[in-house]
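Engineer: Each chain is listed here by its residues.
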Amino acid sequence: MFYKELRVCFLLLLFFVLPRAVWSQTLYSLSGTLRDAETGETLIGATAFIPATGKGASSDINGNYVLSLSPGAYTIQFSYLGYQTLTRQINFSKDQKLDITLSPSLNELKEVVVEANSLNEKLKSTQMSVEKLTTQEAKLLPALFGEVDLIKTLQLKPGVQSGGEGTSGLYVRGGGPDQNLFLVDDATVYNASHLFGFFSIFNPDAVQSVDLYKGGFPAQYGGRLSSVVDIKMREGNKQRFSTSGGIGLIASRLTVEGPIQRNRSSFLLSARRTYFDVFTRRYNKMKEGVKDYNPIPDYYFYDLNGKASFELGPDDKLFFTGYFGNDVFGFQNKGFNFDFDWGNKVAALRWNHRFSPRLYSNTTVSVSDYQYGIKNNVGTRSFKMGSGVRDYSLRVDFDYQLDTAHALKFGATAVSHDFVVGRLSAGSSDGGTAFSSDIGHKAGEYGLYISDDYTVNSRLALNIGARLSGFSKDTSFFVGFEPRFSARYNLTESVSLKGSYTRMVQYVHLVSNSGASLPTDVWYPSNGRVKPQQSNQVALGISKLSNSGKYLFTNEVYYKWMNRQIDFRDGAQLFVNPNLDQEFIFGKGFSYGNEIYFEKKTGKTTGWVGYTLSWTNRKFPEINQGKIFPTRYDRRHDITVVAMHQLNPRVSLTGTWVYGTGSTYSVPLGKMVMQDIPGADFLYIPLYAAERNNYRLAAYHRLDLGMVYKLRPRYGESDLTFSIYNVYNRRNPYFIYIDAIKNGDESKILGFRAKQVSLFPIIPSVTYNFKF
Amino acid sequence: MKIVSGLLLLLLAAGFTGCDMEKEIDLNLPEFQSEIVVEGYLEAGKPYRVNIYESTSYFDRPEPVLIPDAVVIITHNGKADTLRFSPFYDKETEKIYTHSSVTLVSGNPGETYSLEVKDARGRRVTGFAQFLPKVTIDSLEWKFNNEGKALIEGTFQDDAATQDAYRYQIHKDSLTHRRRENDRFLNDRLNNGKKIAFGTTYKFFPNDTLFITLYHIEQPYYEFLNTMDDARDANGNPFAQPSAIKSTVQGGLGVFTTLTYDRKQIILK
Chain A
1 MFYKELRVCF LLLLFFVLPR AVWSQTLYSL SGTLRDAETG ETLIGATAFI PATGKGASSD
61 INGNYVLSLS PGAYTIQFSY LGYQTLTRQI NFSKDQKLDI TLSPSLNELK EVVVEANSLN
121 EKLKSTQMSV EKLTTQEAKL LPALFGEVDL IKTLQLKPGV QSGGEGTSGL YVRGGGPDQN
181 LFLVDDATVY NASHLFGFFS IFNPDAVQSV DLYKGGFPAQ YGGRLSSVVD IKMREGNKQR
241 FSTSGGIGLI ASRLTVEGPI QRNRSSFLLS ARRTYFDVFT RRYNKMKEGV KDYNPIPDYY
301 FYDLNGKASF ELGPDDKLFF TGYFGNDVFG FQNKGFNFDF DWGNKVAALR WNHRFSPRLY
361 SNTTVSVSDY QYGIKNNVGT RSFKMGSGVR DYSLRVDFDY QLDTAHALKF GATAVSHDFV
421 VGRLSAGSSD GGTAFSSDIG HKAGEYGLYI SDDYTVNSRL ALNIGARLSG FSKDTSFFVG
481 FEPRFSARYN LTESVSLKGS YTRMVQYVHL VSNSGASLPT DVWYPSNGRV KPQQSNQVAL
541 GISKLSNSGK YLFTNEVYYK WMNRQIDFRD GAQLFVNPNL DQEFIFGKGF SYGNEIYFEK
601 KTGKTTGWVG YTLSWTNRKF PEINQGKIFP TRYDRRHDIT VVAMHQLNPR VSLTGTWVYG
661 TGSTYSVPLG KMVMQDIPGA DFLYIPLYAA ERNNYRLAAY HRLDLGMVYK LRPRYGESDL
721 TFSIYNVYNR RNPYFIYIDA IKNGDESKIL GFRAKQVSLF PIIPSVTYNF KF
Chain B
1 MKIVSGLLLL LLAAGFTGCD MEKEIDLNLP EFQSEIVVEG YLEAGKPYRV NIYESTSYFD
61 RPEPVLIPDA VVIITHNGKA DTLRFSPFYD KETEKIYTHS SVTLVSGNPG ETYSLEVKDA
121 RGRRVTGFAQ FLPKVTIDSL EWKFNNEGKA LIEGTFQDDA ATQDAYRYQI HKDSLTHRRR
181 ENDRFLNDRL NNGKKIAFGT TYKFFPNDTL FITLYHIEQP YYEFLNTMDD ARDANGNPFA
241 QPSAIKSTVQ GGLGVFTTLT YDRKQIILK
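Residue numbers (full-length UniProt numbering), protein chains in the order written: chain A, 1 to 772; chain B, 1 to 269.
There could be a bad hint or two in this list.
Unchecked claim - Simulated restraints on C-beta separations:
| # | chain 1 | residue 1 | chain 2 | residue 2 | range |
| --- | --- | --- | --- | --- | --- |
| 1 | B | 236 | A | 337 | 21 to 27 angstroms |
| 2 | A | 764 | B | 263 | 57 to 63 angstroms |
| 3 | A | 436 | B | 122 | 48 to 54 angstroms |
| 4 | A | 252 | B | 23 | 31 to 37 angstroms |
As the list claims (entries may be wrong) - Here chain A is said to cover these stretches of chain B; the calculated rule only asks that three of the stretch's residues, wherever they fall, bring their Cβ under 8 angstroms from a Cβ of chain A:
| # | segment |
| --- | --- |
| 5 | 38-51 |
| 6 | 103-117 |
To be verified - Which chain B residues stay away from chain A? Per the calculated CB distances, all over 10 angstroms, these:
| # | residue |
| --- | --- |
| 7 | 82 |
| 8 | 136 |
| 9 | 140 |
| 10 | 153 |
| 11 | 269 |
It should be emphasised that the hints constitute simulated quantities derived from the structure, not laboratory data. Predicted model only: the values in this text are computed from it and were never measured. Ideal Cβ placement from N, Cα and C applies to all residues, glycine included.
With the hints as extra help, turn the sequences into a complete structure.
Structural biologist: Okay, structure coming up:
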């Protein structure tokens with residue numbers, strides 16, 4: 001079966017690709033690099049377009065574009081939103097290189113013009129189910145505590161949900177938080193959040209663009225079931241030194257960038273740190289000695305981003321990306337010392353080589369490391385615990401523009417995984433008692449892929465590809481065949497139909513029964529008992545561009561079915577368990593829905609409205625008596641309204657409103673009384689129904705407002721960004737619980753009542769941003 | 001990990017203290033199917049005593065609903081003893097017992113006891129318990145810090161040949177539940193056959209009288225305590241996954257087990 005599928009797919013590829021190879025002899029290529037005229041940074045996703053023929057191309061992650069053309073005279077438009085469009089006339093009779101620099105728009109508030117890809121590009125692309133975001137867009141929108149968060153901005157797109165109030169977890173088309181692949185310049189990041197998920201680790205000052213794939217996954221991506229978040233870091237200014245930053249309510253940022261060798265190489269260093277620990281320490285000091293006062297735990301996070309890029313020659317570029325971030329948490333009370341820190345370290349080195357104007361390669365070596373550690377000391381006794389995962393990766397990617405009709409991508413990846421599932425040591429300082437445990441696994445993950453973006457004619461375009469993945473762990477070896485197919489058919493110049501089918505295989509699994517992503521969650525490899533997860537997704541959509549490209553309307557329906565989903569037995573021992581896989585249980589997942597999206601890109605008022613109707617269910621023989629049950633993040637209706645209005649050249653106003661059907665939740669139905677053994681208190685024990693997630697919380701809705709006010713400093717640029725989170729102070733449910741009603745002196749329980757806990761009230765904030 | 005999610009909740013609570021982020025809501029719970037709940041701890045030298053009552057809907061009255069027609073039989077060495085329904089409050093243990101008999105538990109290591117409960121509605125609950133050997137507290141120390149407060153540290157030896165679970169309690173001044181200072185349970189999953197340490201933070205004062213009790217408990221009782229803890233934790237902790245109770249009895253809910261313990265009394269000087 002597997003080999004039959006494989007053979008069919010590759011035969012299809014050959015069928016489409018080979019005949020065209022013969023015709024390509026009479027065509028020449030026009031290629032080059034698109035850059036920012038002020039900073040020299042390459043522009044990702046900029047467009048080279050020939051209006052007379054309707055042909056065009058987008059620049060890749062290196063800013064490179066390539067057009068295959070017959071000899072002749074052409075007028076070519078180069079454009080990038082937020083930049084002035086440049087028109088060039090060329091007479092074309094041989095392969096030609098044409099590098100272009102685009103100047104930023106004269107508009108003072110250029111951030112109002114958002115998103116790199118034009119709506120026309122969205123309409124014409126075979127790619128569907130993708131959300132693209134630039135830092136400028138995220139920076140404009142109101143944010144919790146004024147902290148701009150790219151991942152939370154993605155949550156405003158249809159089909160993407162948050163895990164809960166204020167969290168940066170992503171739940172994409174019914175997938176869990178463990179089923180998202182986060183890539184930073186092609187290096188995997190395992191835990192992409194700070195503060196237990198309330199902030200993502202991506203410092204917006206260091207990020208150039210974010211692409212979120214919800215479906216229709218290109219063949220170069222693999223390893224997670226539900227989404228790919230592809231983050232590209234900025235290269236830094238190649239022409240002059242520049243400093244930018246911001247001072248906010250809870251954190252400050254500073255970025256320094258500049259040329260190493262003007263126009264040829266550059267660097268960027270960016271840092272961010274929170275400082276609420278400074279205030280909580282003072283507060284704890286003030287309260288020292290107050291009876292029954294529980295000190296507020298010490299907490300801060302920081303991250304450092306760095307990138308250096310070098311042009312080694314006309315055909316070779318080298319990029320180095322580094323990320324280092326940590327969360328630090330400490331708690332001291334009555335001689336009880338508890339330290340907990342966790343963080344990611346990522347480094348990637350990419351070599352971009354141009355073999356010819358039509359053939360590029362990117363070779364990337366990277367290392368990604370996520371670790372957490374807990375230290376606990378009481379008197380002479382100590383306890384240390386930790387877990388983590390470290391990857392060493394090598395990937396080679398080729399882009400080959402075969403002719404005007406075929407753009408091929410092919411490549412290979414190999415990853416060495418080193419999992420520390422549980423490391424523990426405990427004992428007393430006198431050595432009287434001591435024990436330790438160290439449970440680790442090594443595994444290898446591999447991938448080969450090829451895809452052809454095939455323009456059949458002016459109406460029909462196909463993207464046909466496949467990925468062959470593999471995973472080895474001890475004596476177990478798994479192979480996955482992952483076909484990827486998408487198609488676009490232009491019904492008219494402004495209406496296109498799209499469809500896709502993709503299969504994804506996930507070989508590493510998150511061990512968590514918290515329903516959220518916590519830093520103590522550990523990753524676990526597939527093995528003889530824990531087989532790889534697999535998903536299949538079908539999506540169909542229609543896109544319509546109207547009012548001369550001002551508005552884009554899309555409607556997508558999807559159905560996703562997932563095999564070998566993972567949950568855990570009741571009372572499972574998930575920490576430092578050498579037989580952890582005995583605690584796993586396996587089931588199926590189903591998710592389907594309809595995503596409607598309306599977007600306006602031009603004019604003084606821009607924004608979008610999204611609506612998602614969806615169902616997300618799981619089925620496990622051991623849960624809910626084997627019947628289907630909704631997941632915690634099953635939401636029937638999800639509405640997002642995002643509006644940005646440029647009031648005048650110095651002031652822009654923004655607002656977002658979100659509405660979601662309440663999340664499901666497991667509430668106890670009954671209770672039993674336990675007197676417990678002599679010398680212990682009697683207890684009420686909640687009894688949960690066999691039905692998982694048997695209660696739906698109240699609906700979630702919230703309005704946020706923001707304003708960016710451009711200042712006129714003597715040097716450089718600066719602005720004040722105001723945000724009001726939860727403007728009408730809605731008490732959105734975070735969780736509910738059942739509480740005892742006690743008499744006055746709390747000695748007797750009179751009854752019980754249900755309580756709803758909310759997290760964030762109305763929160764105004766202001767951030768001062770500067771650049772010089 | 002409970003301590004992590006607990007500290008997170010503490011951090012969140014600290015951030016918005018005074019913002020009144022809690023409110024009472026109406027919660028219409030579906031119909032609840034009640035079951036027989038058993039609670040019986042056999043202790044050497046003590047009579048057979050158990051509690052039998054119903055589990056109830058969460059919003060029902062807090063008092064346990066008794067089952068007067070329940071027939072409770074404990075069998076040991078082939079001898080079946082039917083316990084009498086006669087609820088009473090025992091001053092020594094400060095507990096209420098619904099069913100009891102005058103038969104005393106011999107409680108020698110290895111001895112087994114079985115339980116059967118039947119009621120007029122045809123429900124039947126069974127259970128089984130075995131006495132384990134006593135594990136003694138090998139060492140007990142206390143240390144004072146600069147503020148004049150003391151912590152307690154103790155050790156005991158785990159048997160490498162068996163899978164064991166323990167519960168320890170520390171009481172101050174008396175063994176009443178009101179003076180309980182520490183109560184923990186653990187198993188030897190990570191330190192089988194080793195010397196195991198236990199202790200407290202700096203919380204005691206000079207001249208405090210402490211009772212330290214180390215129970216050697218049955219594995220099913222450990223799992224019952226564990227899932228009971230998980231279930232309680234899930235009510236009020238959004239990061240916890242609700243857990244079904246793993247009872248030690250079949251056909252109902254609850255626990256039927258033995259209590260074997262070593263107890264030391266110390267005065268902090």
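Engineer: Does the Cβ-Cβ separation between residue 764/A and residue 263/B fall within 57 to 63 angstroms?
Structural biologist: 58 angstroms, holds
Engineer: Just checking, residue 153/B versus chain A, shortest CB gap more than 10 angstroms?
Structural biologist: About 6 angstroms separates residue 153/B from the closest Cβ of chain A, which leaves it inside 10 angstroms; violated.
Engineer: Given a hint of 21 to 27 angstroms, does the C-beta separation of residue 236/B and residue 337/A actually sit inside it?
Structural biologist: 26 angstroms, holds
Engineer: Was residue 82/B rightly flagged as not at the interface, with every chain A Cβ beyond 10 angstroms?
Structural biologist: About 22 angstroms separates residue 82/B from the closest Cβ of chain A, which puts it past 10 angstroms; holds.
Engineer: For residue 140/B, is the shortest beta carbon distance to chain A beyond 10 angstroms?
Structural biologist: 12 angstroms, holds
Engineer: Do at least three Cβ atoms from the segment 38-51 of chain B come closer than 8 angstroms to Cβ atoms of chain A?
Structural biologist: Since three or more residues must qualify, the claim that chain A covers the segment 38-51 of chain B holds, with 3 doing so at under 8 angstroms.
Engineer: Is residue 269/B truly not at the interface, in the sense that its beta carbon sits beyond 10 angstroms from all beta carbons of chain A?
Structural biologist: Answer for residue 269/B: holds, closest chain A Cβ roughly 18 angstroms.
Engineer: Within 48 to 54 angstroms or not, the Cβ separation of residue 436/A and residue 122/B?
Structural biologist: About 53 angstroms separates the Cβ atoms of residue 436/A and residue 122/B, which means 48 to 54 angstroms holds.
Engineer: Measuring Cβ to Cβ, find out whether residue 136/B lies farther than 10 angstroms from everything in chain A.
Structural biologist: The assertion about residue 136/B holds, with a minimum of 15 angstroms to chain A.
Engineer: When I compare C-beta atoms, does the segment 103-117 of chain B have three or more residues closer than 8 angstroms to chain A?
Structural biologist: Per the Cβ count (0), the hint is violated.
Engineer: So does residue 252/A sit 31 to 37 angstroms from residue 23/B, Cβ to Cβ?
Structural biologist: For residue 23/B against residue 252/A, whose Cβ atoms are near 35 angstroms apart, the range 31 to 37 angstroms holds.
The earlier numbered hints that this structure contradicts are 6, 10.
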